[in-house]
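Undergrad: Residue strings, one per chain:
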Amino acid sequence: MAELHEQTLIELAAGLERGDFTSVEVTEALLARVEVHDQTLNAFVTVTGEQALAAARAADEARAAGNAGILNGLPLVHKDIFCTRDVLTTCGSRMLENFVSPYDATIVERLAAAGAVVLGKTNMDEFAMGSSNETSYFGPVKNPWHLECSPGGSSGGSAAAVAARMAPAATGTDTGGSIRQPAALTGTVGLKPTYGRVSRYGMIAFASSLDQAGVITRSSADAALLLGVMAGFDERDSTCIDHPVPDYTAALSQSLDGLRVGVVKQHFDEGLDEQTGAAVREALSVLEANGATLLEVDLPNIDLSVPTYYVVAPAECSSNLSRFDGVRFGHRAEDPEDLFDLYCRSRGEGFGAEVKRRIMTGTYALSAGYYDAYYLKAQQVRQLIADDFRQAFEKVDVIAGPTAPTPAFRLGDKTDDPITMYLNDIYTIGANLAGLPGISTPCGFVGGLPVGLHLVGPHWGEELLLRCAHNYEQLSTWHKACPGDFQ
Amino acid sequence: MSLDKEQVQQIAVLARLRLADDEFAETVDKLSRIVEFVDQLSQADTSGVVPMAHPLDVAQRLRADEVTETDDRNHVQENAPSTQDGLYLVPKVIE
Amino acid sequence: MSAWEVVIGLEIHTQLATKSKIFSGASTAYGAEPNTQACLVDLGYPGVLPVLNEEVVRMAAMFGLAVNATVAPRSVFARKNYFYPDLPKGYQISQYELPIVEHGELFITDADGNEKRIGITRAHLEEDAGKSTHEGLGQFSGIDLNRAGTPLLEIVSEPDLRSAQEAVAYMRKIHSIVRYLGISDGNMQEGSFRCDANVSVRPRGQEEFGTRTELKNLNSFRFVEKAINFEIERQIDVIEDGFDVVQETRLYDANKDETRSMRSKEEANDYRYFPDPDLLPVAIDAAYIEAVQQTLPELPDAKRRRFVDEYGIRADDADILTTSRSLADYYEDVAAATAAEAQGAANFIVGDLMGALNKAGLGIEDSPVSAAALAGLLDRIRDNTISGKIAKEVFEAMWAGEGSADEIIEAKGLKQITDASAIEAIVDKVIEANPGQVAEYRAGKDKLIGYFVGQVMKETGGKANPGQVNQILKQKLG
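Respectively, the protein sequence lines represent chains A, B and C.
Add 1 to a position in the first sequence, counting from 1, and you land on the number used in this note's numbering.
Add 7 to a position in the second sequence, counting from 1, and you land on the number used in this note's numbering.
Add 87 to a position in the third sequence, counting from 1, and you land on the number used in this note's numbering.
So that you can see chain A by itself, here it is in the shape it has in the complex (with noise of 0.2 angstroms):
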């Protein structure tokens, strides 16, 4: 038998379901592994043991009891963006560095409701803005397969905990490629949704109209699982959507026959590493002999995402965080002068650095006289992006590239020119712009880092991007690879 951290959801599942080990005994494994692990990696904000063994235990017993439910025992951690009742909810902010959230988001609730174990919430970028999770106010967290480099962001901590096998699967959200480029950089399996298929309440919000959730895991199998759990209908998140919820495991069973994979001529262009481009070929290749047709469509605006996310996305976060004044929550200036002080003071404090860029940037762009300029362009910009995408799924059931440009770079590479830092999400974002799903699955190596094969599918189309990841995982085994100080 496996060790149980190298184990996936569906094998653990298996297990427990044969009597082969408890939960209480995975999760005392797990802990173990992240008390000797974390030191080095940083990938956690709070370890939750109590309440995970406390949790273990009472699936344990509805097992015996016959009560078992979906995910029962199974365990998993949660991005710390996502409210957790009466646990330190920190996003990854000075700002929040004490608060206790007093509710649960509605993810966190419906994973507890199907037996899930929470091990612990993971550190990321400051409030999801970054692409290496060195904003945050907790400190960078190492990639496992090569501790000066960055496990990309802002889901950094998810994919780090899971790629050295802290955890079988974490939750993560996604903004501009916030989980599929974290997965990429650490060989890891990351899924974002449809916009409106996961429920966004309780998730703290940075740019509301390309917000995600969605997960981190092993293999695109574990994705689907978890999956069917999260989504659907949620009363409490008007933007989330009554649609059906399908059997995303059933979906995973259907060959590549027949399935028409879109390469976009501009996402090789230059800009991508060469080798990464090479294995991303490779893998396109692996498809097609079995069974999927290559076809090349154009996004011709495509270009223009990254201006684009970067015009919306900070007018959103600008609005999204002004609620963070010091006064019913989060942090307080001392003394503060007067009213404009305690404002200034507690806000100036309380975020980091590419925050307040990202709140002054998004306050420019909505500012008078400027409105129009950037924010009204930006959203028409967006539609045409969206027009792109729509055109080319008339043509093609899924679009396949690179998730991101090169594998892992190292911490302060990229600190000091955030355009460059941008650049990074170039193949991603453009998903979140026209609200698209998206995965990111290993498909190869680069200097002995990550890289990852990102594919894009239309409005609701989860199970083509799961069937066609899960096909490429059996033909493949880069899912499967360990980092060498984590086996």
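Treat the hints with caution; some may be incorrect.
Said to hold, decoys possible - Here are the simulated BS3-like cross-link-like pairs (lysine-lysine), alpha carbons at most 27 angstroms apart as the crow flies:
id: 1; chain 1: B; residue 1: Lys-37; chain 2: A; residue 2: Lys-415
id: 2; chain 1: B; residue 1: Lys-99; chain 2: C; residue 2: Lys-218
id: 3; chain 1: C; residue 1: Lys-343; chain 2: B; residue 2: Lys-99
id: 4; chain 1: B; residue 1: Lys-99; chain 2: C; residue 2: Lys-167
id: 5; chain 1: C; residue 1: Lys-545; chain 2: C; residue 2: Lys-499
id: 6; chain 1: C; residue 1: Lys-303; chain 2: B; residue 2: Lys-99
id: 7; chain 1: C; residue 1: Lys-167; chain 2: C; residue 2: Lys-106
id: 8; chain 1: B; residue 1: Lys-12; chain 2: A; residue 2: Lys-415
id: 9; chain 1: C; residue 1: Lys-303; chain 2: C; residue 2: Lys-313
What the hints assert, rightly or not - Sample of chain A residues with no beta-carbon within 10 angstroms of chain B, all distances over it, derived:
id: 10; residue: Ser-319
id: 11; residue: Pro-337
id: 12; residue: Lys-396
id: 13; residue: Leu-476
Hints were generated in silico from the structure; no laboratory data involved.
Even glycine gets a Cβ: it sits at the ideal position worked out from N, Cα and C.
Since chain A is already given, all that's left is putting chains B and C on it; use the hints.
TA: Frame of chain A, contents of chains B and C only:
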């Protein structure tokens, strides 16, 4: 277009952010670079294009007019930095 | 005629009478302990989201139809961004470019008694803010967010109003409409109905508007009138003194009866409106509008016209009787139950009943004299059991809870004397006692008839039927 110090100061006031001196200089520089970067949007021909505010073209769902919330003030105010008699305190506001 | 023309537009905020808030399931009940009706959504907690209350949409649509406006098939919520402690999210959810109601109108009666059309630019939905209190907290203010998220309909008029009186007439009309529709309790003391006024003056004949000021905090009809009149005088003085009116917000101080500038030490507001990404466009189709249309009650103007046509009462009485739906209902209940003339019933209600209600500070709903009871009283006037004068006495006793009109008339022996022989006896007595006056009367001083009637009434304690007394007197003095 790059931003000058005065503009950045104005934005900081609007956004209620106090920036330390060194932070301020860096912000002027980086914000200018970001604004220059997003200026490429002006190249796009968007005449007649309907602005897109939401990724999905659906209408607002409505909630029944029912009281579903109960008082949780004491629990919720555990997060509040300063309260008295159930009120959130701020430096005196004069109208 | 003044050399200056006044231009006024009103923005009326009316609280919609829902059970729960516009975007959350917290109660809107007034007067709870601080922050006990402020749920996580109202507090702007991290991660929570707004979901729109269906009742506010229905109420706004009702209002739109009532003022002959367009109810938008698609309206959009936007965020108005600014920092203030009573605004927990740092933005107010409102409607900006695409409001739910546009292009409405209503009619008021102007100073010359003519009907005047006032345009309603728009009415949009938004959430209310919380409240700050300053007493007993030292150098602090305390924030109570119970009111945060209470649904408001902001009704914006065209700058069609030309005097403080017209502004008040318009405001009263809106007040009466929202109460007729049952979409607001219109309670001004509790802040459920408040008003801001945009006021400017221009030389008569000039086409372009003068610089306007916005008057805030006008929470009674009286204050609206006083504040606008003060502001008109102030602006004229400013201009006549050779200065310019400054575009600004001014606060009305009821104690000093003046408006004063609200000088903000902070920068000019830049609200950075943009569509709220947490809320989707509100879609209203024709079937929905048709269904709402079916539920519209008869509105004040229609009711007033009907009262004049159907009951034949005077227009000014109809105006008063239709100011509220419950008063109009009361009148109709009385009219249906009594054999008395409709105008007589109107006179009694507008005069005696409303006088008593106003004195006691009561609404018609709380009247101690029910419509049926009042009809009973009017019937006794009608059938000559009592005179109009005695009726006032009976009414006072009814108000005091002493019983029905019949019971009081019986118990107090107030029944009118209609027996001709009894009246004749008294008339004879009066003629005998006043020979001088009788002579004068017979010599042609007709006016003295009043004196004799008075004497007879005095003798009978007011109970003699005045008509009969007159007739018999004339006959005997003949």
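Undergrad: If a hint holds in the structure, say so; if it doesn't, say that too.
TA: Tested hints:
1. Between B/Lys-37 and A/Lys-415, the direct Cα distance comes to roughly 13 angstroms. Compliance with the 27 angstroms bound is thereby established for this hinted pair.
2. Pair hint B/Lys-99 plus C/Lys-218 holds up; C-alpha atoms about 13 angstroms apart against a cutoff of 27 angstroms.
3. Of the pairs offered as hints, the one joining C/Lys-343 and B/Lys-99 holds, with about 24 angstroms between alpha carbons and a cut-off of 27 angstroms not exceeded.
4. Between B/Lys-99 and C/Lys-167 the CA atoms are separated by roughly 24 angstroms; this keeps the pair inside 27 angstroms, and the hint holds.
5. Taken as a hint, the C/Lys-545 and C/Lys-499 pair is honoured in the structure, with Cα atoms around 17 angstroms apart against an allowance of 27 angstroms.
6. Restraint check for C/Lys-303 and B/Lys-99: satisfied, since their Cα atoms lie roughly 21 angstroms apart, inside the 27 angstroms limit.
7. Straight-line distance between C-alpha atoms of C/Lys-167 and C/Lys-106 comes to about 25 angstroms, which keeps the hinted pair within the 27 angstroms bound.
8. For a cut-off of 27 angstroms, the pair hint linking B/Lys-12 to A/Lys-415 stands: about 25 angstroms separates their Cα positions.
9. The suggested pairing of C/Lys-303 with C/Lys-313 holds, with an alpha-carbon distance near 13 angstroms, which does not exceed 27 angstroms.
10. Look at A/Ser-319: its CB is around 6 angstroms from the nearest CB on chain B, not clear of 10 angstroms, so calling it non-interface is violated.
11. For A/Pro-337, the requirement that its beta carbon stay farther than 10 angstroms from each beta carbon of chain B is not met, with the minimum near 5 angstroms.
12. Its beta-carbon lying about 21 angstroms from the closest one in chain B, A/Lys-396 satisfies the requirement of being farther than 10 angstroms from that chain.
13. Interface exclusion of A/Leu-476 from chain B stands, the closest Cβ pair being 32 angstroms apart, more than 10 angstroms.
This entry does not satisfy hints 10, 11, going by the numbered hints stated previously.
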